[in-house]
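Going line by line, the protein sequences match chains A and B. For the first sequence, the positions run 1 to 125 when my numbering is used. For the second sequence, the positions run 1 to 485 when my numbering is used.
In case anyone wonders, no lab produced these hints; they're calculated from the structure. Be a bit skeptical, because a hint or two may be false.
Below, in silico cross-link-like pairs of lysine-lysine (PhoX-like), each with a Cα-Cα straight-line distance of 25 Å or less [stated by the list, open to error]: (1) B:K459 to A:K82; (2) B:K459 to A:K84; (3) B:K176 to B:K225; (4) B:K176 to B:K153; (5) A:K101 to B:K66.
If you anchor each label on the Cβ, the simulated ranges turn out as follows [unchecked claim]: (6) B:R286 to A:K68: 28 to 38 Å; (7) B:L265 to A:E52: 34 to 44 Å; (8) B:L257 to A:A20: 37 to 47 Å; (9) B:L265 to A:D100: 37 to 47 Å.
Anything over 12 Å on all C-beta distances counts as not near chain A; from chain B, calculated [what the hints assert, rightly or not]: (10) N23; (11) H71; (12) R76; (13) M79; (14) R92; (15) E138; (16) S173; (17) K178; (18) D198; (19) E247; (20) P328; (21) L403; (22) S404; (23) S412; (24) T424.
Built from N, CA and C at the ideal position, the CB exists for glycine as well.
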Amino acid sequence: MRLTLPMLRMHQAVTDQRGALIEVTVDFDSSIQSLNALEAAAYRIIGIATCEIEKGVDRFICHLTARKTSSRGEPLDADALKVKFLYLVTDENLRLRIADKTEGVRNVILALAFGSLAASQKDPP
Amino acid sequence: MARFQGADAFGAPSDELSLLPFNFERTGTEQFLVSNMVGDFLRLTEDEIDRLIDLRLNPGDGLYEKAYASHLITGRNQMAQRQVLAMRLRSRMSFLRQVTPLHIFVVTLRCEHSCPYCQVSRQSTDRSRFDMSEQIAERALNIAFDSQAARIKIEFQGGEPLLNFELIKTIVSAAKLKSGATGKAVDFVIASNLALLDDTVLAFCKSHGVLLSTSLDGPADLHNKNRPRPGNNSHELAVSGIRRAKEALGPDRVGALMTTTEASLDRVDEIIDEYLRLGLDGIFLRPLSPFGFAIKTKQFQRYDAQNWLAFYERGLRRVLEINRQGTPFREFYAALILTRMLTDKPIGYVDLRSPAGVGIGALVYNYDGSVFASDEGRMLAEMGDNAFRLGHVNDNDYRSLVLSDRLIDSISNSLTQCAPECSTCVFESHCGADPVYHHATQGDDLGIKPLSEFCARQKGIMHLLLDILAKSPDDAAILRRWAAA
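The shape of chain B in the complex, shown without the other chains (with noise of 0.2 Å):
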């Protein structure tokens, strides 16, 4: 029978010691911020880590306690601590079991919007012929239900997906008769600008458990400048949208997200009252994605990442506040973060995970029936760039998709496991590939990360997130609930 060993097992003496894995960044003259493994944190001093490293370390000296505890130090011939190791390490990658659990179906490229930083090249809406047609919506599911995953997620898009609902609504129902043919679990999203909303759309979405999310950029001025329709009236109708949807489905059915612009930076107490307003519970603090008419319109250029740090930190900050001062409300990306940094829960998040998300977290199907490995693939397509094009229905099945040799490609060379600095970088267990955007942006999957904005903004936001970890407790009790939500 196993038995708990005494304590005297646990105080190996150093030259019994054996060091275990970690990455440091240098944060002062002679600061450190260290990470194990599995990404734990700790700071120690330029004489800590050099003691470490050569092992100079004695029970009762606080800097063995320390290394101990954090898995940077085991008994030479102890087993446990490299187990627990890779137990966690295994228990944070569990997301590759479930492969490919999001589908996004490109129902129409029709919009009556005209965002200047939209991803899509938008067509007008009477040219039905970017609409997806029922027999490449019919080969696509059957390509969605091969997948892996035990439940999978069918998310609409377009252009503005209710232009062509009556699709939708055949879909969502041959999802379900395969979902009960085959046992896989399966759920729906409307991502639309709910300008078109109605009565009709509301009841299938309730009878269907369907849910929505849309676009809300901030108070009315910023959010009709940033995204302009026939009327100039997309924040009435987003607010209105999002208020009926609510009371017919149920507060937590429908989301909303923003996307920071050149106008937002200056505005992001705005924003977050906005969302406070219409009492939603969240918001997502998100920066301006290299693709489509953002850069068409120049929008990606007009501010970096330290323009979009500062914003971010100020609307964290201000999210905090609100909390602080009783209302329940978070900010989504942080709260993703932290559970990754404070806990071992597998997060599959397509944007930050490495392996990359690419095709093994998500499959596009676009209206006409080409496949792309991300929503960004799609998006450089329209640029001209086919680079994330994986095939068709028509012509490929699930595995010809995933195991194709522009994906595997994509994904191996963009791992951050390997990546120089990546690899050794501190926060290397939290961050993730994104070869879409480094492709975009530099021509390389990969990406000189040097260089990377995607990495100085990661970097800058787990550097505030820690910082505030360790200087405020009441914030970094609200940061722990959003991690242990």
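Only chain A is shown next, with the shape it has when bound in the complex (with noise of 0.2 Å):
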């Protein structure tokens, strides 16, 4: 008989219905804003709440659900929400702006550092 392993209580993947429920839309234009930066801010946002991106006609529409009160007890209401996503995208936004500008010297720097350090296994330790 396979044993179940005991689940753990994890905070928040919004599937509890039990509390009073936010839902929140943000839209924004496709032509303009990164799906990826979209995605990684729903990923950052998993704690507080879920969020299902649509794809409209020339817009990205982002519906954010959140119970009322977090697992901690704390209120939190839609507005709140709206502005916790909006500056998540945004600096994901600024995340793709840096990465884009540096990853090849990344890539150089990390080359430089573990190609020494490949080299040197054959050094005695």
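With the hints as a guide, dock the two chains, each given alone in a separate frame, to form the complex.
Below, the structure written as structure tokens:
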């Protein structure tokens, strides 16, 4: 008989329908907003809310669902949730800009670092 | 001959600048914590970060100098900063050259304690079929000496390892012979509740340089509540054992660890005072791990990361106060994190590194010969989950264990350098992967970090340390001494 392992409590992936839910919709112009950034922001907000991303005509539509109180009993309202998500999207857009400008030099630095590390394995410790 | 370039070589105008990689975290509406590729921190405003990314900087504007000194920008044709970053990164990761330095021998599963948070499935003392055999020990020792590290540590655990002291003596003697033959240095630690410590054990430890590590959860009532045994005298025996060991072996040859339970949360001052009273030089404020009896007795669910962080901050500030009053005393986890944040020393602490320390940081040889990637992996097996069982000493050698598909998958899947959110985290350089924890709590080696209490704890501690470093000069000096030790 296969043992069922105890599932430990994890905070927040909103499947628990016990509390009242907040639902917020935020949409973005798909011609200038990266889907990757939206997905990254959706990942970061998992602890508070779920985010379903829908593709509309020239728009990305993000449907956020959260409980009205956090797992720690702190109140959350729709405006605060929207603001938090917008900050996260802004930050992810910033991260994409940084990555775009630095990916090449990052790979050079990693190659310099780990190339040396691998080469020195031939040296006695 | 190489020469220093003139000052004008380091004052490139903005059109000759190049951005270097960095991570950030928003700490306020227009405030950001930024870290470069090797984890040096600075704080920038939103305007500064925008100007930095667009390279709208000029020598003398303040931001140019800050960004240059923090390796966030470089001259487009300058190689020096790229090489410096590579060299520093290489230094920080050089622990990878010492593969599997830690080898844990579970010499018995028998124990005379009944701790509700115990991470192993302990057997009663009269069931000697839960002892490691000499044959298993010999095979395990061969594997340990095949590891690539120039210096290994053999740690004896259980159950209560002193219940199989004869085997410990056999392993130590055999290991020393192998050490002499191979040139591989070896250190020994016994992790014991010290209830069975006697002069024979102490004499052996003294003559063979064996360290002792024990558990001390705080004052007597708290310790005994956490660690029941017949006679309800666990604290008395632990304290007595610590004193005897310090006297016989030296004050730096015995250490203690505590585990935080729900009962500990409001008593951190008393716990620290107990460590001070016994003349110990520091404390490791640990959370409860999600394994073994801690699950069965529901101890693990009794408090969350925020509860524990509040406990930790009170404890850390108490420790700092003790230092300000003139008594050197460290919080060991903070010291470890600070060493990573303030230096480039290669910290191979197996529970906080990426690539993860499973298998390539430590191997665990269970009493029955099963080999696990970590002690937590062994504890998971006691719950019926063999995900981190790598093999058996009779069937595997060192190479087949550390090159197993299971281990490589676990390490590669949990790399923070590649993981969502981790790879862009401002604290990534100082954090690590814990695939066993995330497997146990989320069913996935990588884990969903926004849901991870491991992640919440690490971030909380690092934010706290940065806050103290920035705002409290006296405490910052103490913390810097810990990092330099």
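Quick rundown of the hints versus the structure:
1. B:K459 to A:K82: Between K459 (chain B) and K82 (chain A) the Cα gap is close to 24 Å, so the pair holds against 25 Å.
2. B:K459 to A:K84: holds (19 Å)
3. B:K176 to B:K225: violated (39 Å)
4. B:K176 to B:K153: Since the Cα atoms of K176 (chain B) and K153 (chain B) sit roughly 12 Å apart, the hinted pair holds (cutoff 25 Å).
5. A:K101 to B:K66: holds (19 Å)
6. B:R286 to A:K68: 28 to 38 Å: holds (35 Å)
7. B:L265 to A:E52: 34 to 44 Å: holds (38 Å)
8. B:L257 to A:A20: 37 to 47 Å: 44 Å Cβ-Cβ, so the 37 to 47 Å window holds.
9. B:L265 to A:D100: 37 to 47 Å: For L265 (chain B) and D100 (chain A) the Cβ distance comes to about 46 Å; the hint holds.
10. N23: violated (8 Å)
11. H71: violated (10 Å)
12. R76: violated (10 Å)
13. M79: It is violated; M79 (chain B) is separated from chain A by about 9 Å at its closest Cβ, not greater than 12 Å.
14. R92: violated (9 Å)
15. E138: E138 (chain B) clear of chain A: closest Cβ-Cβ about 26 Å, beyond 12 Å.
16. S173: holds (26 Å)
17. K178: Fine: 18 Å to the nearest Cβ keeps K178 (chain B) off the interface.
18. D198: holds (39 Å)
19. E247: holds (37 Å)
20. P328: holds (33 Å)
21. L403: For L403 (chain B), whose nearest Cβ neighbour in chain A is about 16 Å away, the distance exceeds 12 Å, so it holds.
22. S404: Check passes; 21 Å lies beyond 12 Å.
23. S412: holds (15 Å)
24. T424: violated (5 Å)
Violated hints, listed in ascending order, are 3, 10, 11, 12, 13, 14, 24; each of the other numbered hints is respected by the structure.
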